[in-house]
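Following the hints, complete the assembly by docking chain B onto the known chain A.
For the record, the sequence lines run as chains A and B.
Start counting at 1 in the first sequence, then tack on 3, and there's your number in this note's numbering.
Start counting at 1 in the second sequence, then tack on 197, and there's your number in this note's numbering.
Just so you know, not all the hints are guaranteed correct.
[What the hints assert, rightly or not] Keeping only pairs whose Cα atoms sit at most 20 Å apart, straight-line, the calculated PhoX-like set for lysine-lysine is: (1) LYS359(B) - LYS428(B); (2) LYS207(A) - LYS433(B); (3) LYS435(B) - LYS207(A).
To be clear, the hints were calculated from the coordinates, so they are not data collected in a lab.
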Amino acid sequence: MKRTDAFSTYHPIIGFLYFAFVILETAFFLHPVLLVISFASAMAYSIYLNGRRAVRFNLLMVLPLMLLAAVINPAFNHEGVTILGYIRDNPITLESILYGVAAAAMIGAVIIWFSCYNAVMTSDKFIYLFGRIIPSLSLILSMALRFIPAYKAQIVRIADAQRGIGRDISSGKLSARARSGLSILSVMVTWALESAIETADSMKARGYGLRGRTAYALYRFDGRDRLLLAFMVCGFALLLFAGGVRILSVQYFPAFSVNDTGFGVCLFYVVHAVICNIPLAADIREDFIWRSLRSKA
Amino acid sequence: MRREVVTDTERRRAGRTTVAIVLILLCIPALIAVNLFFMRDRGYYPTALAIVGLSLIPFFLLYERRKPMARELVLVASLIAIAVVSRAAFFMLPQVKPLAAVIIIAGVSLGVEAGFITGALAAFVSNFIFGQGPWTPWQMFALGLIGFLAGVLFRAGRLPAKRAPLAIFGGMAVLILYGPIVDTAAFLIFPQGLSWHTAALVYLSGLPFNIIHAVSTVAFLLIFAPFMIEKLDRVKRKFGL
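So that you can see chain A by itself, here it is in the shape it has in the complex:
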């Protein structure tokens, strides 16, 4: 069962900015500590969002990709000074192994963050966000997304009607079945194109494209959104600053060196961890409020 996700109830701009920043940031810093934090947070949030489905996706899709990335780098990249051994005259270096592991963590984290994005940023939110900047394109998007289930349903209806006149795709010789399948497709395409024109004419009759028409807005940018946005922007700014002054520096080649201790660095770990866990924190806060309200009643 899908749990209710409090972060999804915030204004779409929050979700969009959040994922854009977190994904870019994860791809940019190859700092091991930051990667571990980002990876673990993405994993936790994806499991919160999608439950068992997320575990299956992370194990079956993401893990093999990560293993591939971790193996490919040391196998093809022979830079680095610490030679661990030779495979067919090619040096295997500690640095390239470390780098492969970091790359694997980065790729895994980015893909898991994207799976969270897919769950939170539904197509209607995307269309709401971009409806003003690119009105025609978001109209195309929302119509195409609506046509997909409509066409699937229509194909079933056409197939039933065709069966009624003896063109059954589930029985008979292969060539006859293929021919019935083609005729279903042909009817389908004709119907889709004709009904598209009808839809367009109906839109025009109702004043599509005239001036002064407003769009229905489902989302409201309220105080809660303002607070979270301000908080997020502060965190983003701090991390951008960290990137600018290279305090979270890491070097893999020729020798591995990382700036991983010191007060300033630890401070940025905390900022990064807080940013990565904003969605989960929003969920936990919501659960807490809900429970305390229930216990009072």
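Chain B in isolation, oriented as in the chain A frame:
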């Protein structure tokens, strides 16, 4: 009368193309410079992603600026939906994707701009079903380019709307454009593995998939291109588009 309409749209298109060229010429070198001077040995992927995303924007803005008619919008949306539904139908067979075939048909029948938009948005919409990821902008760019080229070549008279030429174009476009562009995304995602070795590895391991994709595109075009184009032409004639 007809000539005047053509020259007018030609002139407007020329104006819009200038904006696009300026945008691309300014922003893309700037991004590469930022990458070279500030990121040194990393950030290839974010930079490449930004460049691909930027190169999509002018096309989208130009399309918006033109204020397309409701009929054209709905036709494009319905072709996108046909492309996505047909991809979903062959979901079980990896790489057997009719998207490129439908997009080539859209480019030929509806023109250059509609071809690009159908391609780019079909990739985007189908990823709402199959999952958005770092690959989305690359697929959008590659499919948009295929629709764009199909439209350009058709208008220039180099690509007749017949079965064989369309199939040849489709196979080549998938093998030479779509495959390598999307493989480049896979290549750049390995942050510092940018060497000729990894390049060869990624492109060679992608080749079998691209060949299946190209062959299936050829097959789809051979089977469906004539009747799809005929239907689109009929709709265009019937409703005077």
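Right, here's what the structure says about each hint:
no. : hint                  : verdict
1   : LYS359(B) - LYS428(B) : 14 Å, holds
2   : LYS207(A) - LYS433(B) : 17 Å, holds
3   : LYS435(B) - LYS207(A) : 18 Å, holds
The structure meets every hint from the earlier list without exception.
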